[in-house]
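Colleague: Chains as they are written, first to last, in the working numbering: chain A, 1 to 557; chain B, 1 to 554.
None of these hints come from the bench; they were simulated from the model. Check each hint, because a few of them may be wrong.
To be verified - With the C-beta cut set under 8 Å, the calculated list includes, among others, these residues of chain B facing chain A:
#, residue
1, K25
2, I27
3, L31
4, E189
5, I199
6, P484
Since we're looking at a predicted model, the values are computed, not measured. Even for Gly, the Cβ is constructed at its ideal location relative to N, Cα and C.
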Amino acid sequence: RLLIKGAKIVNDDQSFCADIYMEDGVIKQIGENLIVPGGVKTIDAHGRMLMPGGIDVHTRFQMPDRGMTSADDFYQGTKAALAGGTTMIVDHVLPEPGTSLISAFEQWREWADSKSCCDYSLHVDITEWHKGIQEEMETLVKDHGVNSFLVYLAYKDVFQLTDAQVYEVFSVIRDLGAIAQVHAENGDIVAEEQRRMLEQGITGPEGHVLSRPEEVEAEAVNRSVTVANQTNCPLYVTKVMSKSAADVIAQARKKGTVVYGEPITASLGTDGSHYWSKNWAKAAAYITSPPLSPDSTTPDYLNSLLSCGDLQVTGSAHCPFNTAQRAVGKDDFSLIPEGVNGTEERMSIIWDKCVVTGKMDENQFVAVTSTNAAKIFNLYPRKGRIAVGSDADLVLWDPDVTKIISAKSHQSTVEYNIFEGTEVRGGPLVVISQGKIVLEDGNLHVTEGSGRYVARKPFPDYVYKRIKARSRLAELRGVPRGLYDGPVCEVSVTPKTMTPASSTKTSPAKQPNQPVRNLHQSGFSLSGAQIDDNVPRRNTQRIVAPPGGRANITSLG
Amino acid sequence: IKGGKIVNDDQSFYADVYVEDGTIKQIGENLIVPSGVKTVDAYGQLVIPGGIDANTNLHAPQKGMNPADDFYQGTRAALSGGTTTIIDHALVEPGTSLLTAFDQWTETAEQRACCDFSLHVDITRWHDGLYEELETLVKDKGVNSFLFFMAYKDKYQSSDSQLYEAFSVLRDLGAIAQVHAENGDIIDEEQKKLLCLGITGPEGHILSHPEEVETEAVYRAITIAKQANCPLYVTKVMSKSAADVIAKARKKGMVVYGEPITAGLATTGSHYWSKDWATAAAFVTSPPLNPDPSTPQYLTSLLACGDLQVTSSAQASFSTAQKAVGKDDFTLIPEGTNGIEERMSVVWDRAVATGKMDENEFVAVTSTNAAKLFSMYPRKGRIAVGSDADIVIWNPKETRTVSAKTHNLNLEVNILEGMEFRGVASVVISGGRVVLEDGKLNVIEGSGRFVPRKAFPDFVYKRIKARSKMAEARGVPRGNYDGPVHDVISMTKSVPPTPTSRGPSCPKTLTGPRNLHQSGFTLAGAQIDDHIPRRSAQRIVAPPGGRSNITSLS
Numbered sequence: 001r002l003l004i005k006g007a008k009i010v011n012d013d014q015s016f017c018a019d020i021y022m023e024d025g026v027i028k029q030i031g032e033n034l035i036v037p038g039g040v041k042t043i044d045a046h047g048r049m050l051m052p053g054g055i056d057v058h059t060r061f062q063m064p065d066r067g068m069t070s071a072d073d074f075y076q077g078t079k080a081a082l083a084g085g086t087t088m089i090v091d092h093v094l095p096e097p098g099t100s101l102i103s104a105f106e107q108w109r110e111w112a113d114s115k116s117c118c119d120y121s122l123h124v125d126i127t128e129w130h131k132g133i134q135e136e137m138e139t140l141v142k143d144h145g146v147n148s149f150l151v152y153l154a155y156k157d158v159f160q161l162t163d164a165q166v167y168e169v170f171s172v173i174r175d176l177g178a179i180a181q182v183h184a185e186n187g188d189i190v191a192e193e194q195r196r197m198l199e200q201g202i203t204g205p206e207g208h209v210l211s212r213p214e215e216v217e218a219e220a221v222n223r224s225v226t227v228a229n230q231t232n233c234p235l236y237v238t239k240v241m242s243k244s245a246a247d248v249i250a251q252a253r254k255k256g257t258v259v260y261g262e263p264i265t266a267s268l269g270t271d272g273s274h275y276w277s278k279n280w281a282k283a284a285a286y287i288t289s290p291p292l293s294p295d296s297t298t299p300d301y302l303n304s305l306l307s308c309g310d311l312q313v314t315g316s317a318h319c320p321f322n323t324a325q326r327a328v329g330k331d332d333f334s335l336i337p338e339g340v341n342g343t344e345e346r347m348s349i350i351w352d353k354c355v356v357t358g359k360m361d362e363n364q365f366v367a368v369t370s371t372n373a374a375k376i377f378n379l380y381p382r383k384g385r386i387a388v389g390s391d392a393d394l395v396l397w398d399p400d401v402t403k404i405i406s407a408k409s410h411q412s413t414v415e416y417n418i419f420e421g422t423e424v425r426g427g428p429l430v431v432i433s434q435g436k437i438v439l440e441d442g443n444l445h446v447t448e449g450s451g452r453y454v455a456r457k458p459f460p461d462y463v464y465k466r467i468k469a470r471s472r473l474a475e476l477r478g479v480p481r482g483l484y485d486g487p488v489c490e491v492s493v494t495p496k497t498m499t500p501a502s503s504t505k506t507s508p509a510k511q512p513n514q515p516v517r518n519l520h521q522s523g524f525s526l527s528g529a530q531i532d533d534n535v536p537r538r539n540t541q542r543i544v545a546p547p548g549g550r551a552n553i554t555s556l557g
Numbered sequence: 001i002k003g004g005k006i007v008n009d010d011q012s013f014y015a016d017v018y019v020e021d022g023t024i025k026q027i028g029e030n031l032i033v034p035s036g037v038k039t040v041d042a043y044g045q046l047v048i049p050g051g052i053d054a055n056t057n058l059h060a061p062q063k064g065m066n067p068a069d070d071f072y073q074g075t076r077a078a079l080s081g082g083t084t085t086i087i088d089h090a091l092v093e094p095g096t097s098l099l100t101a102f103d104q105w106t107e108t109a110e111q112r113a114c115c116d117f118s119l120h121v122d123i124t125r126w127h128d129g130l131y132e133e134l135e136t137l138v139k140d141k142g143v144n145s146f147l148f149f150m151a152y153k154d155k156y157q158s159s160d161s162q163l164y165e166a167f168s169v170l171r172d173l174g175a176i177a178q179v180h181a182e183n184g185d186i187i188d189e190e191q192k193k194l195l196c197l198g199i200t201g202p203e204g205h206i207l208s209h210p211e212e213v214e215t216e217a218v219y220r221a222i223t224i225a226k227q228a229n230c231p232l233y234v235t236k237v238m239s240k241s242a243a244d245v246i247a248k249a250r251k252k253g254m255v256v257y258g259e260p261i262t263a264g265l266a267t268t269g270s271h272y273w274s275k276d277w278a279t280a281a282a283f284v285t286s287p288p289l290n291p292d293p294s295t296p297q298y299l300t301s302l303l304a305c306g307d308l309q310v311t312s313s314a315q316a317s318f319s320t321a322q323k324a325v326g327k328d329d330f331t332l333i334p335e336g337t338n339g340i341e342e343r344m345s346v347v348w349d350r351a352v353a354t355g356k357m358d359e360n361e362f363v364a365v366t367s368t369n370a371a372k373l374f375s376m377y378p379r380k381g382r383i384a385v386g387s388d389a390d391i392v393i394w395n396p397k398e399t400r401t402v403s404a405k406t407h408n409l410n411l412e413v414n415i416l417e418g419m420e421f422r423g424v425a426s427v428v429i430s431g432g433r434v435v436l437e438d439g440k441l442n443v444i445e446g447s448g449r450f451v452p453r454k455a456f457p458d459f460v461y462k463r464i465k466a467r468s469k470m471a472e473a474r475g476v477p478r479g480n481y482d483g484p485v486h487d488v489i490s491m492t493k494s495v496p497p498t499p500t501s502r503g504p505s506c507p508k509t510l511t512g513p514r515n516l517h518q519s520g521f522t523l524a525g526a527q528i529d530d531h532i533p534r535r536s537a538q539r540i541v542a543p544p545g546g547r548s549n550i551t552s553l554s
């Protein structure tokens, strides 16, 4: 039970002054002169802003990577998140190819349930594609509250899917009512460039950014937008790191595609110049994919697009490794484990770069740090809004406090902070998670394992209303014609070099209208006796007399 | 040739032209020429370089069928329309030799072609073994352009890695990479979907090849070419958005060229929905004609402003009977449209008659640009002393109506049927011989010569060379890292190999310790270094020259 008096409540649509009373982790009353039981702990906000707790939509706590585990586990990670004003995280489940999605999902649940200090939810990454995966995705959506899946266009020969597989995955995702996420980089080009760099003897962290130029990211974003358009599937691009990738998303939105872009703390707060640092350990600390752009105007540009609505959601992609772990790649940059910190700094950096500079107001700040994410991933209005009945995940925000970010004072366990020395204005004064005060007077009081899993339903309205309308419109129609009865060229019997045309790969197509056996299907052989062995095969070349008599519709004049 | 206005891509002027032995000998007024010379009166007309059609498929079979119009009928039609040089695509089936295909094409064309020709080679399956053949083709055979397919999945399609490798090789050889730009993966899925829905007619072709699929592939090809620093030529630009991608890439400084075709400049894809199957099927080509009625105008405008540079026909004709192989399944319809004969008139009518470009730009997009790009300049694409006597006397006032009844192809259908175009070739001279005069064609089968093309065309490669010099990537000189290194649990069951382990192992120039990867890669049998004990990467090494503690963790 908690009462906050005299707060300026900030939602994404408006700000107003009121008191707020919460009980059992839920907001019970909002208004003036509230009638509350006696003896309730009261915080006086003195007119400071009270906003919904941040939602960090992209974390990778204790993520396994090539035999190592990212340095911050769910305890340290969520502790850092809470310290920065983020009261919910959505972590990525990364099933190794060959393992079951559900068992990986349960493994992550187990880790998070025992360690997480704030509420959490999970995205599931698709690292390979076959029919079994489709069934597991269905189970995850229906029984486990997962409504977002990530596919990789990078990490060739490890996680990367082909365009055809991505097309199928997206079709499945659309039918399930989930959101398709992509890690957008062209893995083929990256692999070639990595090989070239290593051949030239470039083995340090600068090789990472040299082998992953900005165009490679923009190309993959463009491609995934194309596939999403084709399949009418909502798309969410994780980690927008460069200007050109952001532009592709902005343009696609102008053309009407349902696509969302997520810049991360790192891309909003710093740039990629540090890859050339003489200090190997420092340079390695910035390694993430797509890399930070070396263009120093990138953070400002991304902040502007975030402010104008072309990008919608912010994450942190928090997945740091300590220096000893990074040093596994000291002689080969392609072995350096990838990921940067940012879950603790996210809210303050955005406030400093966007609100203080006047790019956005406090309401937009709430939108990009929590509300939009809650809407897209179907957590709204339980999360991302201050309203009666919503979860009591709140942040009392002090816009005037300044802080210098440093590895010495941060919550994460890694030795480097990529924002080292950056001074930011704006920070949380009090953080309330599930109705309990977890940060007050600079002291953190977190409880390991108190975080709950938040299930998310499919077909989020915010995303799927448009998708559904388009599905209805987009029905394809053929042209009704009589049968063609002109001459048909004799094809010389399978010339040696002729390969089967692509559609033979699929299950034979249904042919509701044609009585004629299709050339394709006769090329598809099944061994053993078949049900229609007794029916003589008709040759397609023959001109058939269609039922209802010949219609001479083919005029060559 | 007397009294004409000579039009090159840079200027027009009035002069007489004297031709001897297939080359232009003199240009000027009051020329001193031997007596008894045949004289052509070009008074009031334009004297332009003969057209170059940079994309024809006069010999490439599709699905086991040969095109209805081969080198003879094709080049005959080309000449009748004012085109005096063609560059045909030699399609190499996967698994066959490039040289064999090239020889076969050259032999056939030399016997049949009525005008000069050159060849692009289409590579349908890229592997490292092709390098030698490529080198021979470029250095000895005069081929400097190779086409790759991003469509036709499981048949001709190349992956992004293959394109990257191929583009790098082409850049080193000084050739031009061409792409057929469409995302084959998506098309394949869409085709399956449409057949499942029971859509089997030609409209399925366009429904399964939406505009975005072309645009996406163009964008991707440009990205790869930029990475590989290889000049790129996009064949068959059929949609507005694909053209836009090329235009934007050029603004960013990419060396990329776009080729719209006769069909795309003259007509639209509305005919795919024609009730007459044969008409609808005649329009089937890839990428398909765009259903958007404003596309031809838009492409013409970009051509006029220089965002697109070259026009061709992508001529590939299949008779209705051949197309009818796909009467129950649109994916089996052989692809290709006509346009070799109408190209020059279409460009004149759509671009010059409407005032979008002038006669000099007309020459640029119909011949000069192609000649420069493909290393045939100034032998082709210019009226100058010493150039080949491939000359067209162009009558801008006359009009012609296109019809399958009067055209010079075997095809029964013409996709431009009934259209009227201003601008007609009244006299065509090929190799110094008058082949069209007073409406009469007088061609000689087999008179066409192969035109070899040199590598490193200046028009394209000057910039590429400068960029290669600039673009060298440099590492950061650092002392050896000597901090702690994390212990990796040895070979956990699920650790996937990282991408680089697939590639050839890289020479280690700087570092001493054995890399973790390579120790995970096992070779069967005894190895040359078996006697050397393997060092574990985890150990902290004392670098030669003593420890330098460069790693400060503060």
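Colleague: Hint compliance check: list the failing hint numbers for this structure, sorted ascending.
Modeller: Those not satisfied are hints 1, 2 and 3.
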